[in-house]
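Student: Each chain, letter by letter, is given below.
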Amino acid sequence: MTMIADEGAQELRPRSELTARELLREVGSVLRLSEAEAAKLGDLPEDPDEDQTMIINMGPSHPSTHGVLRLMLELQGETVLRCKPIIGYLHTGMEKTGEQLTFMQGGTNVTRMDYASPLNNELVFSMATEKLLGIDGDIPERAQWMRMLLSELNRMSSHLLFMATNGMDLGAVSMMIYGWREREEVLRFFQKVTGLRMNHNFVRPGGLAADLPPGWRDDVLRILDLLPERLEEYDILMTGQPIWRERLQGVGVITPNEALALGGTRPILRSTGVEWDLRRHDPYLRYDEVEFDIIVGSYGDAFDRYAIRLNEIRESMRIVRQILDRMPEGDYRIQDKKVTPPPRARIDESMEALIHHFKIFTEGFKVPEGEVYVAIESPRGEIGCYIASDGSPTPYRMHVRAPSFVNIQCLPHMMRGGLVADAVAVISSVDPVLGEVDR
Amino acid sequence: MTDTPEAQSEDATEEAEASISEPEMLGCPMTESRGQIVLHVARDRYVEVAKQLADEGYAMCVDLTAVDYLKHMDRELPTSVIGERFEIVVNLLDITHSRRIRLRTQVPEADATIATLFDLYPGTEAMEREVFDMFGISFEGHPDPSRILMPEDWNGYPLRKDFQVGTIPVQFKGAAS
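Chains as they are written, first to last, in the numbering used here: chain A, 155 to 593; chain B, 410 to 586.
Chain B extracted, bound-state conformation:
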């Protein structure tokens, strides 16, 4: 009986610590990477969060890219985020307050699709096409889902980690072949 309040307060501090170590913003876990703010957005809330940020003043989507974490699945992520193979990385910029924010969204290999940000930021059109071209992640609702850098009949997605880099065989003089 007597130690219940203590236990409760311990629980409370643990909870408080947990909430300190994992701060949130717009309902998404927020981390800091080398002083830069990173939001880990769930895939189903991706457009919604981007919309809220756009309304907050992040008027420009400076960059949208992806990372294939196939060979680095044990990367550091907030505990509530389950790491998937692909990650979409969006960098937003607010020019009135001169601040930046980065969104990271996990995209599973089995279902490599994500909603497009085109309606919100028309400037992501070419960037999303590039991500599709290089990683094979398709953007639902993108108005022109074609390849952009590689030829139309290219097989495979070059920036995936299981896409091998081409090599030129070197023939050494006198070496047994």
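If we strip away everything but chain A, and leave its shape as in the complex, we get:
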């Protein structure tokens, strides 16, 4: 039965409809051979004829695709020969929306992209705006350390979510409940600080929206006391289990050169043994003042990516402990009248403050002309924000380099030659957030 599919050329097409070059790309030869060698081969000889394979569709609404990711797989028996991710089901034009919102409002937009690590999205947007304003060197110390605290706690909550979904995808269903339980502890802290569990819009250009609430230190300590024990339980439940290891070891292997060529960052790149972390190699905030280890793998498989994330939670806890010791007193936002609204108390007594407050929230602040690209380390990889400004209060162009969008390109290369049952493990190990992929 043939059917004209919805997405036309975006879909995986039968081999007979492809040119040799297209086919070679889809089986990943570009990464393995030079163009000339690939051309000589014409077609990959080991691949079977079309009558021995079939193309199946997985998704868009499949529980293991973490949202609405659709994969088309070409199978021979149970072996995956080709795979093509089809995305865009969650596309809501967030970059276009970003051009309509002022720099003041932009945070509400970017925070909804990677909804599992919203604070990192806000942070990169704020840092890009600050760089354009030229105030990136004047952010108060307390604001920097607070941002770091929230960013690291967010990394923990994001990785805990990964633990839950990864477990669920591979059949350790009880793990789902445990992961969500621990993540909820962190989200509860976020709720206390920002008022919301997710999509906080708390990190703003110039600093943060508010100071930490009284008793925040005890709340963080409670999380830090609770987690190590729970992580050890994860180790018992998953890391050491033969079934778990069988499902993950040697699955979805990628080499360092492939990861670099495809632009894969964070767990994908690090699982191959490449030590690259923006927190260490291109430090932002105050990461150069805290001690932490960069977790790297050696085999580039799904197990390494799992282990990297698990141990990264521990490293983040180590950073958070140092932040607790060193959190300075002071202002949580820059006292620059241009970007900071006046304190609430001033509005009651001063007409100018009221006007200023009104202007900053209706018109926003003007950002000088220029363009800038700022990148930070999100739990999923390098998240970058490219802003071009024309001197008005709204970004002329706001582009977010979404790590999941780029990482998803690695899927066909990780899946080729593997079993269809492992496809789920591979998707899970990339940990894509589809809100960020489609934006």
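Because the hints were derived from the structure by calculation, they are not lab data.
The list that follows gives simulated cross-link-like pairs (lysine-lysine, PhoX-like), each with its CA atoms no further than 20 Å apart:
#1 A:K492 - A:K520
#2 A:K250 - B:K570
#3 A:K491 - A:K520
#4 B:K570 - B:K480
#5 A:K492 - A:K513
#6 A:K250 - B:K480
#7 B:K480 - A:K520
#8 A:K491 - A:K513
Model, not experiment: these values are computed from the prediction.
Take the given structure of chain A and dock chain B to it, following the hints.
Tutor: Relative to the frame of chain A, chain B by itself:
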């Protein structure tokens, strides 16, 4: 006669000043934007320059995007660069030396095409498709030039500045329609 050498030296200093104000790298004008290095690459040298940078150690293409400067044509550019409507922006990363460089290439509206970087950086595949999808700039030699985020039968390119944002009409109660 006597003032010729002076005039010459003036010319020389002017030239020197011009070369100081417009530094070059790999034969392309180089500027600095908020401390970040930006190379303004001509369209016909785009792949060549990227190749040279890749050989220099910029092993990863972290980002490729475009900007539609339709409503901001008077932007700041080096004098030797003529601003066109579209601009392709490529961010390259060298992880061994921990350095970044940005390439900006002007693409005219009348001929909105540019060579693909796919053969050099396979990771640009999805990004170039996204730029095609959003701006309608086609990449010559791209192996899969289809839309990626929008539906296949979509008309227009959403991130172009002349593509209007959709609005929902608001009906106020009691207002004369």
